[in-house]
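Here is how the chains run, residue by residue.
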Amino acid sequence: MIALEIASWFFLIAGAFFSIVGGIGIIRLPEFFSRMHGGGITDTMGAGLILIGLLCLAGPTLVAAKLLAILFFLTITSPSSCHALAHSALIHGVKPELDVKPKPNTIMNPPYGPRDGDAS
Amino acid sequence: MIPCCMMPLMFAASEAAGHVAHSASGRGHASSADLHNMLNHSAQAFQLSATHHVMMATSAAVLVTMTLALIRAMAGPTVFDRVLALNMFGTKTVLFICVVSFVTARTDFLDLALLYSLMNFIGMVALLRFTQYRSFGEEPA
Numbered sequence: 000m001i002a003l004e005i006a007s008w009f010f011l012i013a014g015a016f017f018s019i020v021g022g023i024g025i026i027r028l029p030e031f032f033s034r035m036h037g038g039g040i041t042d043t044m045g046a047g048l049i050l051i052g053l054l055c056l057a058g059p060t061l062v063a064a065k066l067l068a069i070l071f072f073l074t075i076t077s078p079s080s081c082h083a084l085a086h087s088a089l090i091h092g093v094k095p096e097l098d099v100k101p102k103p104n105t106i107m108n109p110p111y112g113p114r115d116g117d118a119s
Numbered sequence: 000m001i002p003c004c005m006m007p008l009m010f011a012a013s014e015a016a017g018h019v020a021h022s023a024s025g026r027g028h029a030s031s032a033d034l035h036n037m038l039n040h041s042a043q044a045f046q047l048s049a050t051h052h053v054m055m056a057t058s059a060a061v062l063v064t065m066t067l068a069l070i071r072a073m074a075g076p077t078v079f080d081r082v083l084a085l086n087m088f089g090t091k092t093v094l095f096i097c098v099v100s101f102v103t104a105r106t107d108f109l110d111l112a113l114l115y116s117l118m119n120f121i122g123m124v125a126l127l128r129f130t131q132y133r134s135f136g137e138e139p140a
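From first to last, the protein sequence lines are chains A and B.
Letter by letter, the first sequence follows residues 0 to 119 in numbering that gives the first Met the number 0.
Letter by letter, the second sequence follows residues 0 to 140 in numbering that gives the first Met the number 0.
A hint or two may mislead.
For the chain B half of the interface with chain A, some residues (derived, Cβ under 8 Å), not all of them [what the hints assert, rightly or not]:
id, residue
1, Q46
2, T50
3, M54
4, A60
5, V63
6, T64
7, F101
8, A104
9, L109
10, Y132
Calculated Cβ distances over 10 Å to all of chain B for the following chain A residues [claimed, not checked]:
id, residue
11, A2
12, E4
13, A68
14, P95
15, L97
Just the calculated beta-carbon pair ranges, DEER-fashion [unchecked claim]:
id, chain 1, residue 1, chain 2, residue 2, range
16, B, L117, A, H86, 29 to 35 Å
17, A, H36, B, D107, 15 to 21 Å
18, A, E4, B, Q131, 36 to 42 Å
19, B, Q131, A, I75, 19 to 25 Å
20, B, G122, A, H36, 35 to 41 Å
21, A, R27, B, F108, 17 to 23 Å
22, A, R27, B, G122, 24 to 30 Å
23, B, A104, A, K94, 26 to 32 Å
24, B, F129, A, P29, 16 to 22 Å
25, B, A32, A, L67, 46 to 52 Å
26, A, F9, B, T66, 53 to 59 Å
27, B, L114, A, H82, 39 to 45 Å
Honestly, the hints are just simulated from the structure, not real lab data.
Computed from a prediction, not measured in an experiment: that's the story for all the values here.
Just so it is clear, CB atoms sit at the ideal spot from N, CA and C, and this is done for glycine as well.
Working from the sequences, and respecting the hints, build out all of it.
Below, the structure written as structure tokens:
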């Protein structure tokens with residue numbers, strides 16, 4: 000029981016760490032397709048580790064079955080929605096830019112102007 | 000960390016309030032002395048373990064990530080950045096509901112988390128279809 004709780008602490012803290020890393024990535028990365036990598040980190044490592052940590056706390060009950068169902072649906076829907084998003088962005092003409100250097104003092108302003116598929 | 004620590008105390012206090020109101024004989028409402036006793040009793044009965052602290056730290060980290068995703072959703076230059084950030088926000092909401100349901104020992108919230116994950120996926124596919132075809136219809140325009 001104590002071993003399961005310590006394992007759950009490890010999984011929860013690791014999941015929280017990867018979640019914050021993905022959040023920083025979605026803010027700091029320079030262009031759209033690299034920002035999808037930050038979103039993918041939170042969808043796989045963050046959600047997976049936090050749900051596994053809660054599974055260690057739940058024990059073999061109905062709660063564990065619900066957590067496994069949530070984990071299953073997240074692992075199915077997250078890559079498919081990511082694929083649909085990347086496909087839609089490529090159709091709208093958002094090209095991956097290689098070797099972009101972020102401007103030193105502009106965190107939120109990426110180093111390219113408005114393109115096709117812009118909201119405004 | 001103090002308001003985060005107060006959250007399970009509030010839930011325990013609400014359950015204790017139902018108990019006191021049920022057992023208060025004759026009076027319609029609990030007096031302030033009753034409320035004071037009830038709060039003391041619930042604070043003694045509810046002891047925060049290390050697992051609770053870890054789960055509250057995790058929920059705080061998930062909230063920080065939700066804030067960062069909202070910043071990107073407001074500032075993203077293209078509509079796809081906003082869609083990506085909103086998808087991430089929905090996933091983090093599912094995680095937050097799961098962790099808070101374990102903190103407050105109300106695991107029936109997990110049904111809401113399951114429903115929210117499915118709704119998030121359907122909403123995102125609908126939004127992408129709208130940005131691709133400019134309509135929600137079956138045939139592309």
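For each hint, the structure was consulted:
Annotation: Q46(B) was flagged as interfacial toward chain A, and the flag is violated, the nearest CB pair being 15 Å apart, outside 8 Å. Checking T50(B) against chain A by beta carbon gives a least distance of about 6 Å; that is within 8 Å, so the hint holds. Checking M54(B) against chain A by beta carbon gives a least distance of about 6 Å; that is within 8 Å, so the hint holds. The interface hint given for A60(B) holds, since its Cβ lies 3 Å from the closest Cβ of chain A, which is under the 8 Å cut-off.
Against a cut-off of 8 Å between C-beta atoms, the interface hint on V63(B) holds, since the closest Cβ of chain A lies about 6 Å away. With its C-beta approaching chain A no nearer than about 4 Å, T64(B) sits inside the 8 Å limit, and its interface hint holds. Below 8 Å, beta-carbon pairs count as interface contacts, and F101(B) has one with chain A at about 6 Å; its hint therefore holds. Violation of the interface hint for A104(B) is found here, the shortest Cβ-Cβ separation to chain A being roughly 11 Å, above the 8 Å cut-off.
Checking L109(B) against chain A by beta carbon gives a least distance of about 4 Å; that is within 8 Å, so the hint holds. Hint status for Y132(B) relative to chain A: violated, with the closest Cβ pair at about 10 Å, above 8 Å. No Cβ of chain B comes within 10 Å of the Cβ of A2(A); the nearest lies about 13 Å off, and the non-interface call holds. With a minimum CB-CB distance of about 6 Å to chain B, E4(A) fails to clear the 10 Å threshold, and the non-interface call is violated.
The non-interface label for A68(A) is inconsistent with chain B: the shortest C-beta to C-beta separation is roughly 6 Å, within 10 Å. Remark: the non-interface label on P95(A) is consistent with the geometry, its nearest Cβ contact in chain B lying 12 Å away (cut-off 10 Å). For L97(A), the requirement that its beta carbon stay farther than 10 Å from each beta carbon of chain B is met, with the minimum near 18 Å. In this structure the supplied range 29 to 35 Å is violated for L117(B) paired with H86(A), their Cβ-Cβ distance being about 21 Å.
Distance hint for H36(A) and D107(B): a CB-CB separation of about 35 Å, inconsistent with the stated range 15 to 21 Å. In this structure, E4(A) and Q131(B) break the distance hint of 36 to 42 Å, their C-beta atoms being roughly 47 Å apart. Between Q131(B) and I75(A) the C-beta distance comes to about 21 Å, which sits within the given range of 19 to 25 Å. Separated by about 23 Å at the C-beta atoms, G122(B) and H36(A) break the suggested range of 35 to 41 Å.
Range check, R27(A) to F108(B): about 33 Å between beta-carbon atoms, so the 17 to 23 Å window is missed. Our hint of 24 to 30 Å for R27(A) and G122(B) holds, since their Cβ atoms are close to 27 Å apart. Judged by the Cβ atoms, the range 26 to 32 Å given for A104(B) and K94(A) is violated: they are separated by roughly 50 Å. Our hint of 16 to 22 Å for F129(B) and P29(A) is violated, since their Cβ atoms are close to 27 Å apart.
Our hint of 46 to 52 Å for A32(B) and L67(A) holds, since their Cβ atoms are close to 48 Å apart. The hinted window of 53 to 59 Å between F9(A) and T66(B) is violated, with their beta carbons roughly 25 Å apart. At roughly 23 Å, the beta carbons of L114(B) and H82(A) sit outside the given window of 39 to 45 Å.
Checked against the numbered hints above, the structure violates hints 1, 8, 10, 12, 13, 16, 17, 18, 20, 21, 23, 24, 26 and 27; every other hint is satisfied.
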